[in-house]
Amino acid sequence: MGASKPRLPSARGRHFVIGVPYLFLVLFFSLPFLVVLRISVSDAIGVRFQDLLTWDDGALTLRLKFTDYLFLATDPVYIVTYLRSIGYAALNTVICLAIGYPFAYFMARSPATWRPALLMLVSLPFWTSYLLRVYAWKGLLDDNGIVNNLLLWLHLIDSPIKMMHTALSMMVGMVYTYLPFMILPVYANLVKMDVRLLEAAADLGSKPLRTFWLVTVPLSMPGIIAGSMLVLIPSIGEYVIPELLGGPSTLMIGQVLWDEFFKNIDWSMASAVAVSMVVLILIPLAVFNHYQTRGVGRGGVA
Amino acid sequence: MNSAVGRAWLAFGYAFLYIPIATLIAFSFNASKMVTLWGGFSLHWYRELLNDTEVINGFVTSLKIALMTASASIVLGTLAAFALVRYRQFFGRTVFIAHINAPLVVPEVITGLSLLLFYVACERLFGLFSHRGIVTIWIGHTSICTCYAAVVVQSRLLAMDKSLEEAAMNLGCRPFQVFVLVTLPQIVQSLVSAWLLTFTISLDDVVTSSFLNGPGVSTLPMVIFARARLGLNPTVNAVATLSVAVVSIGVLTGSLWMARNERRRAEEQAAAYREGMVALQGRIPDARA
Numbered sequence: 227m228g229a230s231k232p233r234l235p236s237a238r239g240r241h242f243v244i245g246v247p248y249l250f251l252v253l254f255f256s257l258p259f260l261v262v263l264r265i266s267v268s269d270a271i272g273v274r275f276q277d278l279l280t281w282d283d284g285a286l287t288l289r290l291k292f293t294d295y296l297f298l299a300t301d302p303v304y305i306v307t308y309l310r311s312i313g314y315a316a317l318n319t320v321i322c323l324a325i326g327y328p329f330a331y332f333m334a335r336s337p338a339t340w341r342p343a344l345l346m347l348v349s350l351p352f353w354t355s356y357l358l359r360v361y362a363w364k365g366l367l368d369d370n371g372i373v374n375n376l377l378l379w380l381h382l383i384d385s386p387i388k389m390m391h392t393a394l395s396m397m398v399g400m401v402y403t404y405l406p407f408m409i410l411p412v413y414a415n416l417v418k419m420d421v422r423l424l425e426a427a428a429d430l431g432s433k434p435l436r437t438f439w440l441v442t443v444p445l446s447m448p449g450i451i452a453g454s455m456l457v458l459i460p461s462i463g464e465y466v467i468p469e470l471l472g473g474p475s476t477l478m479i480g481q482v483l484w485d486e487f488f489k490n491i492d493w494s495m496a497s498a499v500a501v502s503m504v505v506l507i508l509i510p511l512a513v514f515n516h517y518q519t520r521g522v523g524r525g526g527v528a
Numbered sequence: 002m003n004s005a006v007g008r009a010w011l012a013f014g015y016a017f018l019y020i021p022i023a024t025l026i027a028f029s030f031n032a033s034k035m036v037t038l039w040g041g042f043s044l045h046w047y048r049e050l051l052n053d054t055e056v057i058n059g060f061v062t063s064l065k066i067a068l069m070t071a072s073a074s075i076v077l078g079t080l081a082a083f084a085l086v087r088y089r090q091f092f093g094r095t096v097f098i099a100h101i102n103a104p105l106v107v108p109e110v111i112t113g114l115s116l117l118l119f120y121v122a123c124e125r126l127f128g129l130f131s132h133r134g135i136v137t138i139w140i141g142h143t144s145i146c147t148c149y150a151a152v153v154v155q156s157r158l159l160a161m162d163k164s165l166e167e168a169a170m171n172l173g174c175r176p177f178q179v180f181v182l183v184t185l186p187q188i189v190q191s192l193v194s195a196w197l198l199t200f201t202i203s204l205d206d207v208v209t210s211s212f213l214n215g216p217g218v219s220t221l222p223m224v225i226f227a228r229a230r231l232g233l234n235p236t237v238n239a240v241a242t243l244s245v246a247v248v249s250i251g252v253l254t255g256s257l258w259m260a261r262n263e264r265r266r267a268e269e270q271a272a273a274y275r276e277g278m279v280a281l282q283g284r285i286p287d288a289r290a
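Going down the list, the protein sequences come from chains A and B.
So the first sequence is numbered by my numbering: it starts at 227 and just counts up by one.
So the second sequence is numbered by my numbering: it starts at 2 and just counts up by one.
Any given hint could be a false lead.
[Claimed, not checked] A few chain A residues that face chain B, going by a derived Cβ cut-off under 7 Å, partial list only:
#1 Ile244
#2 Pro247
#3 Tyr248
#4 Phe254
#5 Phe292
#6 Tyr295
#7 Pro328
#8 Trp353
#9 Ala362
#10 Trp363
#11 Ile372
#12 Val373
#13 Ile459
#14 Leu470
#15 Gly480
#16 Ala500
[Said to hold, decoys possible] Where chain A lies over chain B, by a calculated footprint (3+ residues, C-beta under 8 Å):
#17 19-25
#18 62-72
#19 102-108
[Claimed, not checked] So the derived label-pair ranges between C-beta atoms look like this:
#20 B:Ala23 - A:His381: 35 to 45 Å
#21 A:Ala338 - B:Ala9: 19 to 29 Å
#22 B:His132 - A:Asp420: 51 to 61 Å
#23 B:Ala160 - A:Phe297: 30 to 40 Å
#24 B:Gly134 - A:Asp282: 38 to 48 Å
#25 B:Pro216 - A:Lys418: 47 to 57 Å
#26 B:Ala160 - A:Leu511: 23 to 33 Å
#27 A:His381 - B:Thr54: 41 to 51 Å
#28 B:Glu124 - A:Asp301: 25 to 35 Å
#29 A:Thr339 - B:Pro216: 50 to 60 Å
#30 B:Pro216 - A:Pro302: 34 to 44 Å
#31 A:Ser385 - B:Cys123: 55 to 65 Å
None of these hints come from the bench; they were simulated from the model.
A virtual CB, placed ideally from N, CA and C, is assigned to each residue, including glycine.
So that you can see chain B by itself, here it is in the shape it has in the complex (with noise of 0.2 Å):
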């Protein structure tokens, strides 16, 4: 195919994608009351958004949840992704695997309506969960992420080199030595993937959110919902840009972060090699004959 063409495309296709971003950005400085009309650079939006208690609090709830959410998620999600790499054949693996795989697809209206009914259920029956809010959502989000962490770990393990745990083993460690001192260096980097993807899952949550809240309970996405249904308003967009700033800065640095890593565990590689090598040399004086 042309060479000429593929740009073009490209290039459309990342104008299609950063395009509305971008617009959104540029008209959270707007002074003008009209969100699309372009009256001068000021950034009275953002001023607004500090005395905007609404927004403080449902950013403050967001955050709580999606802390304790990215938390428990890479535990359980963690937990799941070594019974299923790990244990090839146990009671029960193919309904375990359906349900790693289900909140996946599973759409969110549904996930939220059955846990709210559930949660009903349960209150009727045994008088728990009878007081909905940050716990109740923090479980509902926690039941989604879990499938996405073990997702993501899960493929680590399947590409980790499985001999330096046997080695580890061989020489006396007991399983959870080996687990500390030797797994998890190796799939650290997967958790914290892991943890941030579930953290962002969890903070841009509204649907399942709205289910599960309890009066007075409002999650930021669910400020921004409500605000969004009824037409466009400038806060949104200054929120929007705040968010973008902190997840770029957030990407690039975890990024970086990981790119080093991933440089100075080949370094460290390399370095062992070579020593090995000539170790192996010195024994062998005449191992390059």
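So here's chain A without its partners, still in its complex pose (with noise of 0.2 Å):
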């Protein structure tokens, strides 16, 4: 660095501050995915895969092989699994808005002084291990677990309900996990609100609940949509949370890549559901990136 001029930022420098991580990027973040892309398409022998382009006798033969994905797009399994992964995604998608929406708007609304301590107290979890926070639902929702213990004592129930394993037990852990990813962004959004546009509203004689539709959802769009894709997309491809709480009737795509890899050993196949699970998740986020630069726009003009 010291070789060039002093006072300007040396272009030895900018290589090096660009490419090493570019590089460590390139190297093991995309070109192993082209090696997924890559054997997801060429035949093998066990689990040896035979080059995409071969040169024999002056032909130069490309083959590629595409009966995994034509397995995942006509077996009714593969299907279904796809898109109850995108239902229960984007159920959780509207449950933690539901319930993240009103607690970030409360947070928001509530004494300067508390914030910190509030904001403190949401992101506090997200320190703790997942692995562990989702792990203490199986000691509440099991057929003897805490819940169920609580509700006989109370004389509620006569015989524990079963919960465990089931659509519910997996929805209560997903929403668990991902709420915080809901309220911060929308908080964030929500606390830089001018307030002044809620009191001319009032002051024009709108009432609050109207002003609230009217007025502040719309300006909060932003955090919603950002709080939106923060749960969206990574519980699309979520693993942990069906496996440990779900049952058989929630099975999700993230957990039959797995089981193709791990239990079937088929790694065309688990490489197949990968590039599909890409695309399943590019859809979303090409939606929001559409919605973000038209908000931009829209930002612009006001």
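Please dock the two separately framed chains into a single complex, following the hints provided.
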């Protein structure tokens, strides 16, 4: 760095700053994904994958195998699992929004001196192991679990309710894990909101609920969208929660990938599932980008 | 909206967030073997933990990987953040941004699978990564955590006042001196946050590690996951309680330290400003007029 002109950021420094993380991420993030892409379309003998391009007697042959993708696209089990993953992820997003939006709203409207503590209490669970927090629900929702014991003790029920390994237990675990991801961006947006706009609406005779729907909610749209994406996208590919809290009826696509790889030892199929999962995730991301750029444009006018 | 409704909503929300953790802790002190029935206070499961070599070895492995991951991630993440904030135009910047954001949205099952298949391909072609274990897990965690570190440091760099760096450069500092003497002290808090964040992400990861581990290498989350899959296990509660205790102390100390730093910086700035004003008034006697 020192050899070039001292007062200008040197070209070598610039190459180093950009090049090192770039190279690392290309090497250990994109390149591995290309390997997955390749394996998903290559013929295999055992676990030895054949070359896609072969040069034989003056003929260049490109062999691509789409049988795994065909299987994925035609087997109802896979299709249902894909749809189920999207469905549970969407349901998770809606519930997180329904609980998290009012929560963030009341946080943002609480006295300013309370807010740092309230905020810290929301983000504190982030720092503790998510695996352990998911495990905690096993103890609560088990047939002999704490919730059933409490309900039995209160004589509200006569025999334990089956909650564990159902859609209910899995959704509770999902909402519990992802709720802070909804609260934090929505709160960050609501706390910055110009209260004078709400006062103006009130002065012009708008009722509180009407002001809420017509002023607060539209203004907090960026927070809602950011929070929804932070909940929706990771929950599509969730593995740990359905595995620990779900049952046979809640099989998600991440579990299918895991089982293809670890149980069936079908690398090619696992790769095909991985590629189609990425495609599945790109759809909501594209929609998000579309709305985000539109939102920015609208914000610029206002 | 009604403030009573608001308070009730917040109370229920916090109860929802904290009751599971509270029960987890309470039942770690349970004398009964039944995880969900209270049988009196006991430290039995903690004594059990002391002789549990699987958990202890897993913890040591996880700790090593997390220390290595956090340290590598803040170096790579800081470089990436500088690249994004300071160099507005360079070849492939859009692709670079995609590389910073992608690991945040790609499910861990995919990251784990693709990196393992990449290791296998490297082994076949070049004989690399044939020994899988701590190093291969470390690389996997670092490729995810670099992006988190980059995002944290980037937001601090964007908020930072560039004029101090420019002043240092005008006064003849070399770029590296500017970085160490001017930039680094200003971003050190974000580096600490990024280090702690990536440390906990690595310490908590189960999916990527399961793909990238080798024979005989198990991280603590892998041990916990294997036990939790089989059913309820009081030793898991004891591990949870210990980790919650460590985390609470760590987060509390960290935020107190940051608050003190923030206050001291504000005081120093105020003092510098006062002195500047006094000096200015001394030079121009009728400045107040």
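With respect to the beta-carbon atoms only, verify the hint that serine 385 of chain A and cysteine 123 of chain B lie 55 to 65 Å apart.
holds, 56 Å
Just to be sure I understand the hint, the distance between the Cβ atoms of glycine 134 of chain B and aspartate 282 of chain A should be within 38 to 48 Å; is that true here?
Roughly 40 Å apart at Cβ, these two residues keep to the hinted range, so it holds.
Okay, threonine 339 of chain A versus proline 216 of chain B on CB: inside 50 to 60 Å?
holds, 55 Å
Taking 7 Å as the limit, does the beta-carbon of phenylalanine 292 of chain A come near enough to a beta-carbon in chain B?
violated, 19 Å
Hint alanine 362 of chain A vs chain B: min CB-CB distance below 7 Å?
holds, 4 Å
Restraint outcome when phenylalanine 254 of chain A is required to lie within 7 Å of chain B by C-beta distance
holds, 4 Å
When the least beta-carbon distance from valine 373 of chain A to chain B is tested against 7 Å, hint result
For valine 373 of chain A, the interface hint is violated, since the closest Cβ of chain B sits about 9 Å away, which is over 7 Å.
Using the C-beta atoms of histidine 381 of chain A and threonine 54 of chain B, is the stated range 41 to 51 Å upheld?
With a Cβ separation near 45 Å, histidine 381 of chain A and threonine 54 of chain B satisfy 41 to 51 Å, so the hint holds.
Residue hint isoleucine 459 of chain A, partner chain B, criterion CB-CB below 7 Å
holds, 5 Å
A closest beta-carbon separation below 7 Å is what the hint needs, so does tyrosine 248 of chain A meet it against chain B?
Hint holds; tyrosine 248 of chain A Cβ to chain B Cβ min 6 Å, cut 7 Å.
Take the C-beta atom of glutamate 124 of chain B and the C-beta atom of aspartate 301 of chain A, compute their distance, and say whether it sits inside 25 to 35 Å.
holds, 32 Å
Hint check for histidine 381 of chain A and alanine 23 of chain B - Cβ pair distance inside 35 to 45 Å
violated, 24 Å
Violation of the numbered hints given earlier is confined to hints 5, 6, 12, 18, 20 and 23; the remaining hints are satisfied by the structure.
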